[in-house]
Amino acid sequence: MATYPQGVDMAAAIAAGFILDRREAVPMLIGRHEDFLFVTGLAGTARDIAALTHDGAHIYTMAGAMGGAAMIGLGLALARPDKRVLVATGDGELLMNVGALATIAVLNPPNLAIVCVDNGHYGETGYQKSHTSLGVDLEKIAAGCGITRTRTVSKESDLASGARLLREGNGTAFVVLRVKPDDPPPYKRNLDPAACRIRFRAALLAAG
Amino acid sequence: MAEMNRGAARWQDELYDLLRRNKITQFAYVPDAGHRILIDRSLADPGAQSVALTTEEEGVALLAGADLGGARGVLLMQSSGTGNCVNMLSLMKGGHFPLLTLVSMRGDFGEGNPWQYPMGQAVEPVLRAMGVICLRIERPEEVIPTVEGALTMVFQGGNAVAVLLTQRLLGAKAF
Numbered sequence: 001m002a003t004y005p006q007g008v009d010m011a012a013a014i015a016a017g018f019i020l021d022r023r024e025a026v027p028m029l030i031g032r033h034e035d036f037l038f039v040t041g042l043a044g045t046a047r048d049i050a051a052l053t054h055d056g057a058h059i060y061t062m063a064g065a066m067g068g069a070a071m072i073g074l075g076l077a078l079a080r081p082d083k084r085v086l087v088a089t090g091d092g093e094l095l096m097n098v099g100a101l102a103t104i105a106v107l108n109p110p111n112l113a114i115v116c117v118d119n120g121h122y123g124e125t126g127y128q129k130s131h132t133s134l135g136v137d138l139e140k141i142a143a144g145c146g147i148t149r150t151r152t153v154s155k156e157s158d159l160a161s162g163a164r165l166l167r168e169g170n171g172t173a174f175v176v177l178r179v180k181p182d183d184p185p186p187y188k189r190n191l192d193p194a195a196c197r198i199r200f201r202a203a204l205l206a207a208g
Numbered sequence: 001m002a003e004m005n006r007g008a009a010r011w012q013d014e015l016y017d018l019l020r021r022n023k024i025t026q027f028a029y030v031p032d033a034g035h036r037i038l039i040d041r042s043l044a045d046p047g048a049q050s051v052a053l054t055t056e057e058e059g060v061a062l063l064a065g066a067d068l069g070g071a072r073g074v075l076l077m078q079s080s081g082t083g084n085c086v087n088m089l090s091l092m093k094g095g096h097f098p099l100l101t102l103v104s105m106r107g108d109f110g111e112g113n114p115w116q117y118p119m120g121q122a123v124e125p126v127l128r129a130m131g132v133i134c135l136r137i138e139r140p141e142e143v144i145p146t147v148e149g150a151l152t153m154v155f156q157g158g159n160a161v162a163v164l165l166t167q168r169l170l171g172a173k174a175f
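Chains A and B supply the protein sequences, listed in that same order.
Here our numbering is used: the first sequence runs in plain steps of one and ends on residue 208.
Here our numbering is used: the second sequence runs in plain steps of one and ends on residue 175.
Just to be clear, a hint being listed does not mean it is correct.
Partner residues aside, some chain A positions facing chain B, computed with beta carbon under 8 angstroms [said to hold, decoys possible]:
(1) 39
(2) 60
(3) 79
(4) 193
No more than 25 angstroms apart at the CA atoms, straight line, and that leaves these computed lysine-lysine pairs for BS3-like [said to hold, decoys possible]:
(5) A:129 x A:155
(6) B:93 x A:188
(7) A:140 x A:180
(8) A:129 x A:140
(9) B:23 x A:83
(10) A:140 x A:155
The set of hints was computed from the structure by calculation and includes no laboratory data.
C-beta atoms are modelled at their ideal positions from N, C-alpha and C, and glycine is treated no differently.
Construct the complete structure from the given sequences, taking the supplied hints into account.
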């Protein structure tokens, strides 16, 4: 029998549509990671992307300042219209500053994509349920803000269309990747925010 | 009042030109009367990106992203908005991100609205606690030299700096 994080009612989560395994679904959705500059949220998505890229110089992962990932992505996307920027963040992190979706929708930068890895829980603090387990639909919020290119990916057959949306350049894309509440890859990334800033800028700005 | 507005228009236009000469391209703000001219100029400027925020902390994160991409920005906000930024300033302090913010003050000299005092009086201690250097401006002739100094402190010195546009400078809003 599979073991799950303590406190998770996995049968209820699966019945509610939180089915995909993030360790498989995140890499499948993103594809060639070298095509993007990444900004991630805390904990789960930081580990997802650090594991995918081996903590590459094209990622900026957070471990605090919760609620900032989408807006860091916007600032980066506006600064570098020649690059595709992918924000990968969790449901809890996005909910903390969900107004950022309104700000982003108004500007609608074509080189920005947001993936919300939605497990319906606050995984880092003991898997308490988040609002998305209790009826809140982040795709509808994004669409209501005016982001027109949105998808919810909750089964394997949805992954290809979600992946295409992230790579189209007709406007900001927003994808909810619904996954089961299970642990992210146990990758140990660099947690020094200043060192990671220098690393990111050195790689991007030296490359022109 | 009309006389004061004409004076404010003059230094705000000079201030916008100063910011643009210093390669500021991202203008982030929650609308405020004290920043009206800067906001309008950024909206009309094809070389600038004018970013209306729903809350000021979005602007802090935005400017960190701008810096990651090699661009410069400024956050325009009212004193009450500084309170909305506090935890996000962890990003600037911990990451050594440059931050330039212009804060139009309420809840100080001549304020008639009691709701503005708690945050207005807390702006400097709160920002200092989060590692932000505060520079106060009380007279129109101080605006340009102070912001010139702030630009150097931020983009060469690598600091977070708040320029406080006080109610002695802006005039207290009548109630």
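Mind checking the CB of residue 79 (chain A) against every CB in chain B and telling me if the closest is under 8 angstroms?
Hint on residue 79 (chain A): holds, closest Cβ of chain B at ~3 angstroms, below 8 angstroms.
Is the hinted pair residue 129 (chain A) and residue 155 (chain A) satisfied, with a Cα-Cα distance of at most 25 angstroms?
21 angstroms, holds
Given the hint that residue 140 (chain A) pairs with residue 180 (chain A), test it: the Cα-Cα distance must not exceed 25 angstroms.
20 angstroms, holds
Close enough to count: is the Cβ of residue 39 (chain A) nearer than 8 angstroms to one in chain B?
7 angstroms, holds
Holds or violated: are the alpha carbons of residue 23 (chain B) and residue 83 (chain A) at most 25 angstroms from each other?
Distance ~20 angstroms between residue 23 (chain B) and residue 83 (chain A) Cα, so the pair holds.
Given the hint that residue 129 (chain A) pairs with residue 140 (chain A), does the C-alpha gap stay at or below 25 angstroms?
Within the cut-off at roughly 19 angstroms; holds.
Could you grab the alpha-carbon distance between residue 140 (chain A) and residue 155 (chain A) and see if it respects the 25 angstroms cut-off?
The given pair, whose Cα atoms are some 18 angstroms apart, holds under the 25 angstroms limit.
Status of the hint placing residue 193 (chain A) at chain B (closest C-beta pair under 8 angstroms)
Holds, about 4 angstroms.
Holds or violated: is the Cβ of residue 60 (chain A) closer than 8 angstroms to a Cβ in chain B?
6 angstroms, holds
Given pair status - residue 188 (chain A), residue 93 (chain B), alpha carbons within 25 angstroms:
At roughly 23 angstroms apart (the allowed maximum being 25 angstroms), residue 188 (chain A) and residue 93 (chain B) satisfy the hint.
No hint from the list above goes unmet by this structure.
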